[in-house]
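First to last, the sequence lines map onto chains A and B.
Using the numbering used here, the letters of the first sequence map in sequence onto residues 1 to 290.
Using the numbering used here, the letters of the second sequence map in sequence onto residues 1001 to 1118.
Hint data in this document are derived by calculation from the structure and do not stem from the laboratory.
These numbers come from a predicted model, not from an experiment.
Some hints could be false.
To be verified - Below, in silico cross-link-like pairs of lysine-lysine (DSSO-like), each with a Cα-Cα straight-line distance of 27 Å or less: (1) B:Lys1067 - B:Lys1118; (2) A:Lys196 - B:Lys1086; (3) B:Lys1011 - A:Lys196; (4) A:Lys78 - A:Lys29; (5) B:Lys1086 - A:Lys150.
Unchecked claim - Residues from chain B that face chain A, not an exhaustive set, calculated with beta carbons under 7 Å: (6) Asp1009; (7) Ser1010; (8) Pro1057.
Note that CB positions come from ideal geometry on N, CA and C, so glycine has one too.
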Amino acid sequence: MINRLFGNYLVEKQILSQDQLDDLLPVRKEFKAEVATIAVINKVLSPTAARNLLEQIDQGNERFGDAAIEAGYLSDEKLDEILGYQTNNFMKFVQNLLDGGMFSLDQINPFLDEFQQLGGYSDAQISSLIHDDLGECINIFVPVRSEQLKEFTLTLVQTLRRLIDSDTYLDKAYTARSLQLDKYACQMVAGDMHMKVYISAPDDNLLAIANYFTEDTYDAVDEDALDNVGEFINCVNGLFATNLSYDDITIDMNSPEYSMDGPFISNENLYVLPIHANGCSFRAILEVYE
Amino acid sequence: MSTVLIVDDSKTSRYMLRHILVENGYEVVAEAENGQEGYDKYCELEPDFVTLDITMPVMDGIETLVKIKEFDEEAKVIMVTASGQKNKMLDAIKLGAADFVTKPYETNQIISIMDSMK
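Based on the provided sequences and hints, a complete structural model is requested.
Right under this line is the structure:
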């Protein structure tokens, strides 16, 4: 999630273009971030010290980590900790940006600091984003008290990342008392929990789901594409129901519905979650009855 | 080649399941959008297998299962559900379903269940 959020920030600052960002994500699996990069991001090494060490090892056969220990910058334990970050998606993303010449070692932390400040993230929240702690990330973007709504959101985002786009990310959720929907699919859930789950977006934004959930593809959002989105919601609710059943909470699901004409809905408990996936934006709306 | 009837109100779900089955050597002889249509087609075609979505309009999967088993007690019915709720699955098994699969579909799960029932 932080890759897209930080990437969007860099696009707004014109450090890279949208096309460049789309090319860089998702980050390749078989790739590791460098120790120097991680050490600078984690602020255990200054960019100057990192650059000096890099120049030094360039002339010999030493590894950066060993050189940093020998120079007294890192302990063995700290190096082990840093090595644990080499497969971290955010570290790899930043490594890609460095390797592509988008910015330098000196610029990483000022950019990150500004990104943190603009987003209003605490240090703990930035750490959660970097570690991709999805449960904590949900807390950042979905400030609701209900544990079950948080659990649902977690299931939704996990399923989106697994089946639709591994770089799915959120904007801050908000509440509303009424909403005009666009093209949508939805499903009613009843039982120990009673709510209606919608996914809605104007134009062809729901192709972000429809064209990735199955091997079928659509040129535009039509009723077949909306049926596809409805089936996706069905899967999410099913997984949510399974999780609830472990706590002896039972819910039943009605058949999904969909329409090209979004209704105007009005309820005291509307939770709106803006979501971005596959270059498109849509909303998940939870209409909670009880 | 074993024949299959797919019963699900979601066109997407029918498409996904048909794709998996055909890729793995099964013949999908018909599809139905609701339980009543599914029952009628089962009686007409008597396929080797039938997959039944639990939640459907007109007649749900459980009711359809009961009717199909009344028509043909040897019918091999595989329940399909988005929910892994054990109670519902156990109910279906007690009523005569051969097995169940959960959505989102996993090819290996579906094919291993059907292959084991041939």
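Evaluated hints:
Between lysine 1067 of chain B and lysine 1118 of chain B the alpha-carbon distance is near 22 Å, which keeps this suggested pair within the 27 Å criterion. Taking the CA atoms of lysine 196 of chain A and lysine 1086 of chain B, the gap is about 23 Å. The hint holds against a cut of 27 Å. Under the criterion of a C-alpha separation no larger than 27 Å, the hint pairing lysine 1011 of chain B with lysine 196 of chain A is consistent with the structure, at around 21 Å. Straight-line distance between C-alpha atoms of lysine 78 of chain A and lysine 29 of chain A comes to about 24 Å, which keeps the hinted pair within the 27 Å bound.
A C-alpha spacing of about 23 Å is found between lysine 1086 of chain B and lysine 150 of chain A, which places the hinted pair at or below 27 Å, so the restraint holds. Given hint, aspartate 1009 of chain B at the interface with chain A, holds; its Cβ is 5 Å from that chain's nearest Cβ, closer than 7 Å. The criterion of a C-beta within 7 Å of any C-beta in chain A is met by serine 1010 of chain B, whose closest approach is roughly 5 Å, and the hint holds. Using the Cβ-Cβ criterion of 7 Å, the hint placing proline 1057 of chain B at the interface with chain A is satisfied: the shortest such distance is roughly 6 Å.
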